[in-house]
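Position in the sequence shown (first residue = 1) + 86 = the working numbering.
These are calculated hints, taken from the structure and not from any lab test.
Just so you know, these numbers come straight off a predicted model, no measurement behind them.
If a hint is listed, it holds; no wrong ones were tucked in.
No more than 27 Å apart at the CA atoms, straight line, and that leaves these computed lysine-lysine pairs for BS3-like: (1) K270 - K113; (2) K234 - K258; (3) K210 - K258; (4) K88 - K113; (5) K258 - K213; (6) K283 - K335; (7) K210 - K234.
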Amino acid sequence: MKILFIYASAGAGHYKAAEALYRAAQKENGHDAILVDALDFTSPAFKKIYVWTYYILISKFPWAWGFFFWLTDIFWIQPFVRGARRAYNGLNARRLRRYLMEQRFDYIISTHFLPTEVAGALKKSGKISSKLVTVITDFDVHHIWLAKSTDVYAVASEWTVEKLKKLGVAPKRIAVTGIPTDEKFGAFVDIRTLKKKLELYENTFTVLIATGSFGIGPIEAILGELTEFQVIVVCGHNAALFQKLSAKKYRLAKILGLVDNMHELMAVSDAMVTKPGGLSISEALVSQLPMIFFNAIPGQETGNVRVLKDHGIGISGCTVKQIGEELMRMRNSKDAFLTTLKKTRALARPAAVRDILTLIR
Numbered sequence: 087m088k089i090l091f092i093y094a095s096a097g098a099g100h101y102k103a104a105e106a107l108y109r110a111a112q113k114e115n116g117h118d119a120i121l122v123d124a125l126d127f128t129s130p131a132f133k134k135i136y137v138w139t140y141y142i143l144i145s146k147f148p149w150a151w152g153f154f155f156w157l158t159d160i161f162w163i164q165p166f167v168r169g170a171r172r173a174y175n176g177l178n179a180r181r182l183r184r185y186l187m188e189q190r191f192d193y194i195i196s197t198h199f200l201p202t203e204v205a206g207a208l209k210k211s212g213k214i215s216s217k218l219v220t221v222i223t224d225f226d227v228h229h230i231w232l233a234k235s236t237d238v239y240a241v242a243s244e245w246t247v248e249k250l251k252k253l254g255v256a257p258k259r260i261a262v263t264g265i266p267t268d269e270k271f272g273a274f275v276d277i278r279t280l281k282k283k284l285e286l287y288e289n290t291f292t293v294l295i296a297t298g299s300f301g302i303g304p305i306e307a308i309l310g311e312l313t314e315f316q317v318i319v320v321c322g323h324n325a326a327l328f329q330k331l332s333a334k335k336y337r338l339a340k341i342l343g344l345v346d347n348m349h350e351l352m353a354v355s356d357a358m359v360t361k362p363g364g365l366s367i368s369e370a371l372v373s374q375l376p377m378i379f380f381n382a383i384p385g386q387e388t389g390n391v392r393v394l395k396d397h398g399i400g401i402s403g404c405t406v407k408q409i410g411e412e413l414m415r416m417r418n419s420k421d422a423f424l425t426t427l428k429k430t431r432a433l434a435r436p437a438a439v440r441d442i443l444t445l446i447r
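All chains, full assembly: derive it from the sequences and hints.
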């Protein structure tokens with residue numbers, strides 16, 4: 087079976103979801119698995135502008151991103167949005183179109199709406215016959231993810247199913263699988279040994295602060311509030327933040343840049359203060375980590391917060407001081423902590439990768 091796993095490198099989540107699926111497929115006999123970035127099939131200038139524009143909007147002008155997100159999700163303007171996207175992608179993703187037509191994949195597994203739209207248009211016109219599986223990497227869903235030629239939507243929860251049904255997707259085209267996470271997040275680890283390896287105190291309540299790949303948010307202020315906790319801060323690509331925090335030499339804080347062992351950091355933590363990206367949430371759920379959200383990007387991340395709130399998971403809308411107070415409550419009340427943990431386990435989907443790969447027949 088020739089399978090393409092395709093994403094777009096605007097934010098780390100789409101890549102991480104595709105990579106987790108790709109790695110699992112490589113282990114299965116009979117699969118010829120390929121992993122690509124859709125933006126690599128556009129011009130270097132377009133790729134840079136695409137990623138740069140997203141970063142500038144969410145970091146500097148989140149209100150503008152939120153307005154654009156809301157505007158393009160209005161039902162009655164969808165014919166215009168679809169037409170504009172088709173023209174835009176048709177102009178900038180011509181190499182991707184040729185690649186999909188030439189390679190004749192049996193399955194295209196897409197974790198981003200750009201390749202979903204391109205592949206869906208090719209299917210609709212009869213230029214490819216690949217089965218198209220769209221893996222939605224948030225708990226809420228925007229119209230931009232929809233393509234009539236998608237064979238199956240793999241989604242995070244029953245809430246997502248109901249939203250897709252309202253958007254006109256037939257239930258038989260939806261599978262509740264969860265958002266795919268690397269198998270390492272669900273693996274058993276010896277916490278005591280791992281804390282020793284990471285040079286952490288063993289019997290101290292540990293808080294993981296995850297800033298997202300771009301390192302956005304009032305991290306310094308939050309860290310200043312958590313002086314009574316052992317804290318791990320992951321700054322992502324934000325080198326300036328990493329240097330600034332590292333220079334302060336906090337007594338109980340470990341400051342990290344871009345990491346490749348997030349599964350270990352989650353395993354040794356008792357709670358997580360994070361931006362509510364779909365992948366970060368899914369990894370935390372599988373790792374059984376209670377979450378407090380900050381700096382949600384208007385649109386997809388505020389949607390994630392809303393869905394999780396319906397499940398009684400995650401705390402949002404807190405001031406920096408209130409974040410400290412909520413963590414203190416978790417640390418000091420075993421009942422409160424265990425109740426939060428129980429809700430987290432209920433929504434976790436550790437078998438998401440396997441369940442998505444079962445869609446390939």
